[in-house]
Amino acid sequence: MFSSFRQSMTWLHTWSGLSLCWLLYFMFVTGTLGYFDSEIDLWMTPEVPSQFGKGSGSTTLTNITLAQSKLEEIAPDAQRWFISPEAARETPRLTIGWLPKAGEDGTQPQFQNRILDPATGEFATARETGGGQLLYRMHYLLHYLPGRMGYWIATFATMLMFIGLISGVIAHKKIFKDFFTFRWARGQRSWLDAHNLLSVSTLPFQLMITYSGLVFTLGLFWMPFVVLGGYGFDMQRVAGLQDVLRGPVVERAEAPGTLLPLAELTQTAIETWDDKSLRILIVESPGDENATVTVQGAGVGRNRPTAKYMGVSGELVDESREISLPNGALHFALASVDLHEGIFAGPFLRWLYFLAGTMGAAMVATGAIYWVESRRKKDVSATYSRGHRFVRKMNVATIAGLLVAIGVYFWANRLLPIDFEGREQWEVHCMFLAWLGCFAHASLRSHEQAWIEQLHLLAATFVLLPVVNGLTTDMGLVHTIGRGDWTIAGFDLTALATGALAFAAARHLAHKGEEQRPIETPITLTEHTAGS
Amino acid sequence: MSGLKSGRTRWHITARVALATIGGYLFANAIALVLVFSLPIDRLHGVVLGTLLTFPIWVGAVMWVFSAERLLPVTCKLLGSSVLMLGASASLYLLEAN
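Chains as they are written, first to last, in my numbering: chain W, 519 to 1050; chain L, 5 to 102.
Here chain W stands alone, though its shape is the one from the complex:
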C-alpha cells in the first residue's frame, strides 16, 4: 500500500493497535487483576477469615464430606457440583458451587457458589459480591454481553493485538537501540520512547499472553474449517475431539443413583499422586445413576493429576489424560493455556505476572497517547478533526476512567448496605455507572483539564480506599500489618501506591499546564498577526 514495506507495517501497526485499543486496555487491566483474583476475593468478603494453608490431609477429607452433605441438601438435582476444599492459593476457602437444573424451556440457569464454614458445614455469612472472580471474568466475557458474544469480541481484539505486536516489531528500525533510549519530557518523542521501552522489554510476555489468549479458542471453534473439514464434516468424529479436550462425556441415565462418599473417592485418587494437594472436585449429574466424579490435583498441564470415576460404582473412567496423550500440539496448547492463567505461579512469579500485565496495559495506553500527541498541531488555536477529538476523549475516559471505575467497584463493596437487594449486581452497576460518568466528564471538559481532573479523582479514589476499608471493617492497614496478614495489607498498599502514582501524574500535568500557558499565548498572537 505504501512505497516501502516498513511504511506499510507502520500503518498496519498504528491502525490495528488504535482501532480497539480501549477494549485491549480494558482486557489488560481486568485480566491482570485476575492474577490476584483470590486475594481480591478475600478483601471483598471481610466477614470470612482466610483459611489459606490451614487445609491439609484429614481436614480436607472432612471438608469434602461437609460439602457433599450440604450439596445433597440444597442442590440434589443440579447438573453439576464443584467443591473447592481450602487448599490451594486459588481456593483459600471451602467453597461449593453448583449449576442448577436447566429450565423447562431449556434456559441455562446461573451458576451459584457459596463459601462454607468448615466448623459448622453451614453457609458462611458473607456479603454478596462478585469479588475478584467477576473482575477476572470480565476480561473475556466483557460483562454485560449475552452468552458467548464477549468471547468472540475479545478474541477478535486479541487478533488485532497479535497483528499489532508482529507489525510493531517489523516497523521498528532499531529495536535494541531504542530499548536503551529514553528521552524524558520531549513531548511526543517521550511517549514513543516509553511505548517502545514498555513493549520491547516485555515482548516475550506480550507475545505469550496474546497468542495463548487465541489458543483458548481451540474449543470454541474459531477456526471451524480446520476442525470440521479435518473430520470431513462428520459431527460424530468432531464430538470425539471434544471428548479429548474435555474428557469422555458420560450421558445421564435418567435413573436415580446414590453417590459414593466423595471423600473416599478423593482418597483413592490422591493415593497414587506425588503431589497430594487437591484443586477441585467436579461432580457431573449428581443423583443420577451415571454420575461422574472428577478429582483434580494442583499441578500444571501434563503434570496436573486428574482422575475421573463413576460416582455410583466407583469405577475409574479416565486418568490423567494430559499425560497419556502422545500429541505434541495438544501439549503445547494446554501448556499455553496454563502459562496464560499462571495458576502455578508462587508469590514472586505472580507479582512478575502482575507487573508484566500492567506494563502491557501501559504499552497500549502509551501507544494511544502517542497517536494523539504525534498529531498535535503546533498552533494552539488549531481545530482538530472529529476523529482526533474522539480518540482524545476516549483515551482520558478509558486510561484514567476505567481505573476510577474499578476503584468505585471496591468502594461499592464496602459501602452498599449488606442486605441491599441485588447487591452483587449493583457493585458492578456502580463500576460501570462511574465509568459512564468519566466518559461524560471527558466529553464536557477540555482535553488537558479532563486528564488533570480524572487523574486527581483516580488518586482520591485509591488513596482513600484503605481509609474506607479501615472505617468499615476490622481489617484496616493498622490491624492487618500488625497481625502480619499480608494478603489484605497487600491489597491496601497496592491501592495506596496506585493512588500515589495517579497523584504524581496529575501534579505533573497541572504544573506543565501552568508553565506552558504564558508562553503559548503570545506565540499564537504573532502567528495570527503574521497570517492576517
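Be a bit skeptical, because a hint or two may be false.
To be verified - Here are some chain L residues pointing at chain W (derived, C-beta under 10 angstroms):
#	residue
1	Ala-32
2	Leu-39
3	Phe-41
4	His-49
5	Val-51
6	Gly-54
7	Pro-60
8	Ala-94
Hint data in this document are derived by calculation from the structure and do not stem from the laboratory. Cβ coordinates follow ideal geometry from the N, Cα and C atoms, glycine included.
Assemble chain L onto chain W, guided by the hints.
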C-alpha cells in the same frame, strides 16, 4: 498520511481491510487444512496443530495484503491459492475416504 500512494481512497482501504480479514481467514484455514490432510500424523494432532498455526498464518496474510503494491494482484493470489488449497484438501479427503 504521508507516504500513502496517491489514489488510495477510503474505499481502497476498506477493500484491503476486508481482504485482509476475510481473505486472510480463508487463506489461514486453507493452509491448515492442507497440513491436516498431508502431514503424517494422526487426525487429532493435525487438527490441533492446524488450528494453532492459523493465527500466525492469518497475521502473515494480513501483512501480505497491506504491504502489496497493488490490490488486484494480491487479491487474485490470496483468494486463488486459498481455493486451490481447499480443492487440494477436499481431494486428499476423498482419496482418504475411499
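Tested hints:
Taken as an interface hint, Ala-32/L checks out: its beta carbon lies about 8 angstroms from the nearest beta carbon of chain W, inside 10 angstroms. Of the supplied interface hints, the one on Leu-39/L holds, with its beta-carbon coming within about 9 angstroms of a beta-carbon of chain W, less than 10 angstroms. With a cut of 10 angstroms, the hint placing Phe-41/L at the interface with chain W holds, because the nearest CB-to-CB distance is about 8 angstroms. Given hint, His-49/L at the interface with chain W, holds; its Cβ is 5 angstroms from that chain's nearest Cβ, closer than 10 angstroms.
For Val-51/L, the shortest C-beta to C-beta distance to chain W is roughly 4 angstroms, which falls under 10 angstroms, so the interface hint holds. Residue-level restraint check for Gly-54/L holds (minimum Cβ-Cβ distance to chain W is 4 angstroms; threshold 10 angstroms). A distance limit of 10 angstroms between C-beta atoms decides the matter here; for Pro-60/L the minimum to chain W is near 8 angstroms, and the interface restraint holds. Residue-level restraint check for Ala-94/L holds (minimum Cβ-Cβ distance to chain W is 8 angstroms; threshold 10 angstroms).
In summary, this structure violates none of the numbered hints.
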